[in-house]
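A.B. asks: Given chain A, put chains B, C and D with the ligands in place with the hints provided.
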Amino acid sequence: MQKKNHTGKIGAITQINKQVYSIEFSSPTLKSINPGQYISILCEGLTLRRPFSVADFDNGVLKVLFKQKGKGTEYISGLKVGDSIEFSAPLGNTFTIDDKKTLLIGAGIGVAPLFYLNKKLKEEGAETFLAAGFLSKEDVLGDFDFVSTDDGTFGEKGSICDYLETLIKDFVPDRIVSCAPSAVLRIISSVAKSHKIDCEIAMEKVMACGIGICRGCVIEVRRDGKVQNATVCKDGPVFKGEEVVW
Amino acid sequence: MQKKNHTGKIGAITQINKQVYSIEFSSPTLKSINPGQYISILCEGLTLRRPFSVADFDNGVLKVLFKQKGKGTEYISGLKVGDSIEFSAPLGNTFTIDDKKTLLIGAGIGVAPLFYLNKKLKEEGAETFLAAGFLSKEDVLGDFDFVSTDDGTFGEKGSICDYLETLIKDFVPDRIVSCAPSAVLRIISSVAKSHKIDCEIAMEKVMACGIGICRGCVIEVRRDGKVQNATVCKDGPVFKGEEVVW
Amino acid sequence: MVDLSLKLNEFELDNPIITASGTYGYSNEFEVFCDVQKIGAVVTKGITKEPRLGNDGQRIFETSSGMINRIGLENVGIQTFLKEKLPILQEQGINFILNIAGSAIDDYVELAKIADKNKIKAIELNVSCPNVHSGCIEFGVNKDSLYKLVSKVRDSYSGCLIVKLSPNVTSPEEVALAAENADADAISAINTVRGMGVKLDFVNGQFKKTTVAGGLSGKAIKPVALSFVDRIHKVVDIPIIAMGGIYTLVDILEFFSVGARAVQIGTANFTHPDIAQKLIIELEEFMQKHKFSTLDELQNKLKEAEYV
Amino acid sequence: MVDLSLKLNEFELDNPIITASGTYGYSNEFEVFCDVQKIGAVVTKGITKEPRLGNDGQRIFETSSGMINRIGLENVGIQTFLKEKLPILQEQGINFILNIAGSAIDDYVELAKIADKNKIKAIELNVSCPNVHSGCIEFGVNKDSLYKLVSKVRDSYSGCLIVKLSPNVTSPEEVALAAENADADAISAINTVRGMGVKLDFVNGQFKKTTVAGGLSGKAIKPVALSFVDRIHKVVDIPIIAMGGIYTLVDILEFFSVGARAVQIGTANFTHPDIAQKLIIELEEFMQKHKFSTLDELQNKLKEAEYV
Ligand SMILES: Cc1cc2nc3c(=O)[nH]c(=O)nc-3n(C[C@H](O)[C@H](O)[C@H](O)COP(=O)(O)OP(=O)(O)OC[C@H]3O[C@@H](n4cnc5c(N)ncnc54)[C@H](O)[C@@H]3O)c2cc1C
Ligand SMILES: Cc1cc2nc3c(=O)[nH]c(=O)nc-3n(C[C@H](O)[C@H](O)[C@H](O)COP(=O)(O)OP(=O)(O)OC[C@H]3O[C@@H](n4cnc5c(N)ncnc54)[C@H](O)[C@@H]3O)c2cc1C
Ligand SMILES: Cc1cc2nc3c(=O)[nH]c(=O)nc-3n(C[C@H](O)[C@H](O)[C@H](O)COP(=O)(O)O)c2cc1C
Ligand SMILES: Cc1cc2nc3c(=O)[nH]c(=O)nc-3n(C[C@H](O)[C@H](O)[C@H](O)COP(=O)(O)O)c2cc1C
Ligand code: FES
Ligand code: FES
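Protein chains in written order, with the numbering used here: chain A, 16 to 261; chain B, 16 to 261; chain C, 60 to 367; chain D, 60 to 367.
In isolation and in its complexed conformation, chain A is listed as follows (with noise of 0.2 Å):
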């Protein structure tokens, strides 16, 4: 059996803004992973993995955007090309791909694994619409459909939940996919539901074995009627809106 143990080369690695970087590497024996799913970097000196999702697999090569935080991070962001690399992967669950017409919703970093998830829905023929929320122009991560920033200075003003509505309207997707903090994902579960529409959401938490056996992870949901714990990081990262307990 292929283990999830991996071991990579950096490719590239460039600040893309004051906090956030962009890093490529591949390894000869992670063959595939999907949107949704995500990796867990050892990080020197550090006890716990630091899990980041993908936000591109394009011929053997992964791309991860990360924001720097803490120690695991800058520990990250201080590697160098040819620097080698050990992560596990693919890790946790992945979102539905089909041609449904769907809305992408991203906020701050939480863009990430949704530039990997428009990428497999478009070549599936899905019509889809990338939309995104920052802070500050200086925050902004790339290309989208939409974009806004709480001060205005790029795109819009405001939060991307006070869009959701406009957006819904303007484009009515067949389903709302969304990574961003947990109040906004809140937000747009519970909008999604008052429109009946589908909703996939990519939650965080710390996590410790990335496969579900510490249950340092969970989170409830509500599942054939009763509210049970499912695991981020093996059940997850990917839910429905509707069956999170807030």
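All the pointers check out, no bait thrown in.
Quick list of in silico lysine to aspartate or glutamate cross-link-like pairs, EDC-like style, CA-CA up to 20 Å:
#1 220/B <-> 115/D
#2 258/C <-> 219/A
#3 267/D <-> 356/C
#4 202/D <-> 232/C
#5 82/A <-> 260/C
#6 267/D <-> 355/C
#7 24/A <-> 101/A
#8 255/B <-> 114/B
#9 249/B <-> 90/D
#10 293/D <-> 242/D
#11 258/C <-> 341/D
#12 268/D <-> 219/B
#13 33/B <-> 166/B
#14 78/A <-> 219/A
#15 249/A <-> 90/C
#16 337/C <-> 62/C
#17 86/A <-> 260/C
#18 86/A <-> 121/C
#19 267/C <-> 356/D
#20 268/C <-> 355/D
#21 249/A <-> 143/C
#22 267/C <-> 219/A
#23 249/B <-> 88/D
#24 258/C <-> 365/D
Derived contacts from chain D toward chain C, CB cut-off under 10 Å, selection only:
#25 267
#26 277
#27 286
#28 289
#29 304
#30 345
#31 361
#32 367
These are computed hints drawn from the structure, not numbers from a lab. Keep in mind the model is a prediction, meaning the values are calculated, not measured. Where a beta carbon is used, it is the ideal one built from N, C-alpha and C, also for glycine.
C.D. replies: This is chains B, C and D with the ligands only, laid out in the frame that chain A set:
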């Protein structure tokens, strides 16, 4: 009062042999440091600073020769020119510097402080003889008046201890000074004593504070007729050969 | 040829590298990373009579050289274990130890009986669980309640009975002796050290705080574990299975040198998910290279190491 | 203007940053690195009636994110302290706390009397010392012996009496309550965690071993200290001076948030010998920036932080 904390900038770092590196740095706040004294370097991620003798101090540039052993020396060897380095200095006492005829005996990385001492002694007009022992040819560090290697691949064959009597007989020193592993220092002290030659040796011990207060680095010495504790960090690292209780 | 095998009473292990409870699942879950069959034994996640949902809120917190967990014993319960996990262990030939937990002596006894009936060869009692009958003090911190617990379980279980000790005690010696006197076959130590992580955020003039109070594990606690094992080794004769921050072969040798007979790898499985298997290989290679033909030989040499 | 001052009973400190016993000398020794006068208070190295030479062998051992020490209370003794160190403290206006240690209650009482007579304003009892009268168990691990010790010292000392607790106990609450009931003015916690370091060398087919069994300190124990302080804060009313792995302003705020009134910096003084002074400045700047005018205000805000 000028404090003993300094921040330096690495001017040069070179690998001398498989395990030994030379590193040079300067700090505007470090005005002077004498042979036998040492500095203590902050190593990222480690609790205790690591002590190193001064191998040279010239025009404000400090030179340290160090052997890679564990995490601390690994960190230091990974530094690059231009990186900054935090250290405490000057710490400890000094070798006696005068114009006495001095035989300097080093073993392994213990030769480091002897280079600086040798230079200073010569400046005082002393006649000196620098002898050193190493395991093998590839370990030899610099130029000496006499070298022995355990395997005979360079200089004379055997331990430097095997040549003590000859060296003393040929050079007829007024003083012997040594920095070497503890077993070698012990032998040198006792040979010097038997010849009634003054002997100064530089000791090592794991250190925490570097200023004599934590009492972590004590050895026993015989002074004023009684055995008492002395700190290697402050009362030493230089001791009279005959006062150390082995 | 190097023989890494050992026996804890009648329980046989191919090698002394065991994976610790709560860090390796119930059965073959780690096969995505590691050849689980090669592990000396897998200790299952702590299992209770009924399934448990565990604690609310944040359960994991990274600290300097360690982590805190407050999983709260979330587990599938013994019945699901027997139905779904035991068959996998048996079919795949994975050597294992059932870790059991409860809030009352009867819970443990009942679980031990079930283990016995199902011919489970070894069980490990997690006695760091709150004892409902003594105001939620842990069983394992009081020598009398521990003695009673272990004795009762002993009466109901004929396999290899391992008692896993908590380090959160004034006297390691007392609890170790209680376990030995109650006829345990082996002691494993240490469980996690009580600890707490605090994360503060300061937003708009207000502090927000997350606290994770639970058990500290990982490299940070290795010195605590070495001390604990060293101390209890001086007073008990039954074998000790040591754990606490083991990451390397040298760590393992250190624990052998203070008297451990086998070791468990816990938190390190999260950092390096294939580490258990790698350590087995490293241990074997070390023994081969230095001509130790049995584990006994190596361990005796280590215990007799000259002090410098 | 920011007011960092606080009072522990009658004992006044300009700021809540104290340097911990054994890591800062007796008086002004750290002036080669730091402006010692600015420190809230310097706790002296543990002082005994007679001078002590301490332990043989290796005394210090670095561990992951920490260190172990087994200095064994080497100190100059109270008479030399009074003659050589006290004058420096007084002349240089260094605020200090005398840390005292002994093997019998009488030792502590005698030292407390000397402190009283010399108008030393605060003493800290190191109760992690082996109690000769109970088979070398530490005073601080048994609530009864601790109560007795503290009561006796209280009778002989009118200044601020601080009891420094050992974390190596089953129940932090019990020992903290014993100290409070015996009329201590404050508790400081934690002393070092029992731990052991082992270093193995393998030369010519023989293992050589160095072991350093002593007290673990530094970042590794911060979670243990946070847990300890949090627990005792819930049961005692006297102020708590917290320590254990404090390196940063955030660490200090974390300890405040679980109820600490002041903090001590120990091992961090070795890593960054000017850290105590830097932390005072950082705390002051933080309070200034965020408009906390007194320590009370900041500490209350932290204790009331919303849980997320
Ligand atoms: C499934 C998943 C996908 C993610 N994808 C991305 C991504 O594409 N880009 C990106 O920038 N970030 C992503 N994150 C978040 C990322 O994992 C954290 O920002 C990172 O772990 C922070 O580590 P640090 O050491 O730099 O910061 P720290 O200072 O250690 O932590 C800062 C915060 O990060 C979170 N965090 C820390 N450790 C872990 C852990 N072991 N597991 C999960 N969260 C942790 C915690 O909320 C913590 O409070 C993802 C998280 C998850 C769970
Ligand atoms: C006064 C003095 C002068 C020294 N001068 C030199 C020199 O010029 N060049 C050189 O290569 N080495 C010198 N050393 C030795 C050097 O300090 C150690 O090799 C270094 O600290 C090893 O650190 P590490 O983290 O790489 O290795 P580790 O794996 O941490 O330790 C390896 C060994 O180094 C020693 N050591 C570790 N930490 C300390 C500490 N905090 N204080 C003292 N010793 C420690 C111990 O014996 C330890 O077993 C000197 C030591 C002293 C006390
Ligand atoms: C996430 C996690 C869950 C754990 N669950 C259990 C458990 O269910 N039963 C048990 O006896 N020990 C449990 N432990 C303790 C470990 O088995 C082990 O005793 C401890 O972590 C120390 O070893 P380490 O430092 O190698 O992790 C758990 C530890 C962790 C980190
Ligand atoms: C080298 C050393 C010596 C110590 N000596 C004493 C002492 O004499 N008396 C005492 O009460 N505590 C002593 N301690 C304990 C510290 O004061 C402190 O309680 C402990 O180290 C935890 O804090 P830290 O993690 O900040 O170091 C000593 C600690 C160290 C590291
Ligand atoms: S991280 Fe272990 S269960 Fe999710
Ligand atoms: S290192 Fe502290 S006394 Fe020498």
